[in-house]
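Asker: As a plain string of letters, each chain reads:
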Amino acid sequence: MSSRDAILARLRDNRPDPAAHPLPPVARLGNMDAGRARFEKSLALLGGQVLEPQAGESLSAAIARRFADAKIICSAVPDFEGTVRIEELGTPQKAAEVDVLVVRAPFGIAEMGSIFLSEAQLPTLNSAAHLTQHIVVILSEATLTANMHTAYIERPEFHTARYGVLMSGPSATADIQGVLVRGAQGVRTLSVWWEP
Amino acid sequence: MPSHIVVPAVHKLTPDVAKLFAEHYHTDPNDDDPQSLAWSQRLAARPVILAADAGMTGGNFVVAETGSFVVCTNEGNADLSATVPGLHIATLGIERLVPRMADLGVFVRMLSRSALGSPITQYTTHFRGPQDGGEMHVVLVDNGRSHRLGMEDFWTSLKCIRCGACMNTCPVYRRSGGLSYGAVYSGPIGAIIDPTFNERKYSTLPFASTMNGSCTNVCPVRINIHDQLYKWRRVLAEHHELPFVKREVMNMAGRLMGQPKLYRAAISGTETALGVLPRFALYNWLNPWGKNRELPHPVKQTFHSWYKQNRLKTKKKGEDA
Ligand code: SF4
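From first to last, the protein sequence lines are chains Z and D.
In this text, residue positions in the first sequence follow our numbering: the first is 1, and each later residue adds one.
In this text, residue positions in the second sequence follow our numbering: the first is 1, and each later residue adds one.
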């Protein structure tokens, strides 16, 4: 008997009576506010920022202002130029040279200030979302979902994406004496640009 | 050995980390600012990640419906390990299985707020297959879990989502620190699952409890931890000679008290974490124990360091005069 079969057999023998533990109905709990204000409040709590256009400036102008020292700006969206396209990077490691990645999220979660990205938004290079120094996420208010329950119940991406990450602000750590540091191993900042 | 399941190096103070980094990363040993230490760590880790042929992660949840697993982290190290090298290997405890994708909402919402008081981890990543041009392998880890499932009094400990809330609230853990348990899983949850790995080795752990039930009150998945602690005492008494248990009971405390340096590190580590962990994490509706009681205040200075600073000096001055 392989160890796999042995484990499965033991699980079958030992499991509590399934009749005593019926599957509960799917929970759809909590606040159902899917508004932009709630999203922005949660985003700020987790260290994310909103990139606000000044006097009607374009996304590229806002990026040039906010990331004045950035040399390599990588675009993963058709409607933004950047200095390099994500498809041109070639290898996952190459993304380490990128200063700013511009990407479009299919949806956000108001409760958590989270944005979702998968291989569909990062064509072939999932690493780009983490090796880049800063990430700018284009998000449409209309795609906001209220909370974790509505997200998992309603969004098809959780069933179709092979790699799907909910990013809630930039990377962070509290491993050194419990002090919160934003910008750990992954992106140092995460900014949301609202789709006009 | 980690001293905490969520913050594994919580017993290390910034000067300890500065010393360690100076040794291995050649940073300034006197720079103990967490911000710059974290930056040095980032700079040191990047080349390792970029050169790696494989990346390993764990997994917090596994979804039966889709065959997905979910990894919750803050640093981003798991996502880097999974997406930069071409090969991703994940080890998953078999008890972390939830039936449907729609059930995940409950668990993801509970995890980080019980662990650190934050609404969600910075990264919540769902893996359902390898990325383009890569490989993904999953190792399902039993390590006694299927056996524990058959233990009538103890199987519910398999519900644990490893949030660490029971450790943060436990008066024994907070005083003695995670290292004193001598096991990977410390705190109340460690005390009820460690004996399933090795009854004799961890026979003392269920006795190191005041039975205050604080752990049970904060546990987001409602494991009856303090009941299980009590039941383990009976099991252990039946399985072993009682004198053996009695003889060993003080071992844990003894190990710690016998090493003043370790004890002081444990105390100051625990006090610092207490000062930092948000009140919200320690006092919330999940913790009725904290409603009418105040957890011990993190003291600014331990008696030992106060004595060293004040009395020793005065004594010296007195001798001079
Ligand atoms: S036993 Fe409960 S409180 Fe303790 S780590 Fe597990 S889930 Fe959290």
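Certain hints may be false.
So, partial list: chain D residues that the calculated Cβ filter (under 10 angstroms) puts toward chain Z [unchecked claim]: (1) A9; (2) D79; (3) T121.
Among the chain D residues that face chain Z by a calculated CB cut under 10 angstroms, a handful are [to be verified]: (4) D32; (5) P34; (6) A38; (7) N74; (8) T91; (9) L92; (10) I94; (11) L104; (12) R109; (13) T124; (14) G133; (15) E135; (16) K201.
Some residues of chain D that are not near chain Z, with every Cβ distance over 12 angstroms (derived) [as the list claims (entries may be wrong)]: (17) E23; (18) D28; (19) P119; (20) R148.
Simulated from the structure, these hints should not be mistaken for laboratory data.
Every value quoted in this text rests on a predicted model; they were computed, and no experiment measured them.
Glycine residues also receive a C-beta, built at the ideal position from the N, C-alpha and C atoms.
Asker: Indicate, hint by hint, whether the structure satisfies it.
Answerer: Hint by hint, here is what the structure shows:
no. : hint : result
1   : A9   : holds, 6 angstroms
2   : D79  : holds, 5 angstroms
3   : T121 : holds, 7 angstroms
4   : D32  : holds, 9 angstroms
5   : P34  : holds, 4 angstroms
6   : A38  : holds, 4 angstroms
7   : N74  : holds, 5 angstroms
8   : T91  : violated, 14 angstroms
9   : L92  : violated, 13 angstroms
10  : I94  : holds, 7 angstroms
11  : L104 : holds, 5 angstroms
12  : R109 : holds, 5 angstroms
13  : T124 : holds, 4 angstroms
14  : G133 : holds, 8 angstroms
15  : E135 : violated, 12 angstroms
16  : K201 : violated, 23 angstroms
17  : E23  : holds, 16 angstroms
18  : D28  : holds, 15 angstroms
19  : P119 : violated, 5 angstroms
20  : R148 : violated, 8 angstroms
The structure shown violates the earlier hints numbered 8, 9, 15, 16, 19 and 20.
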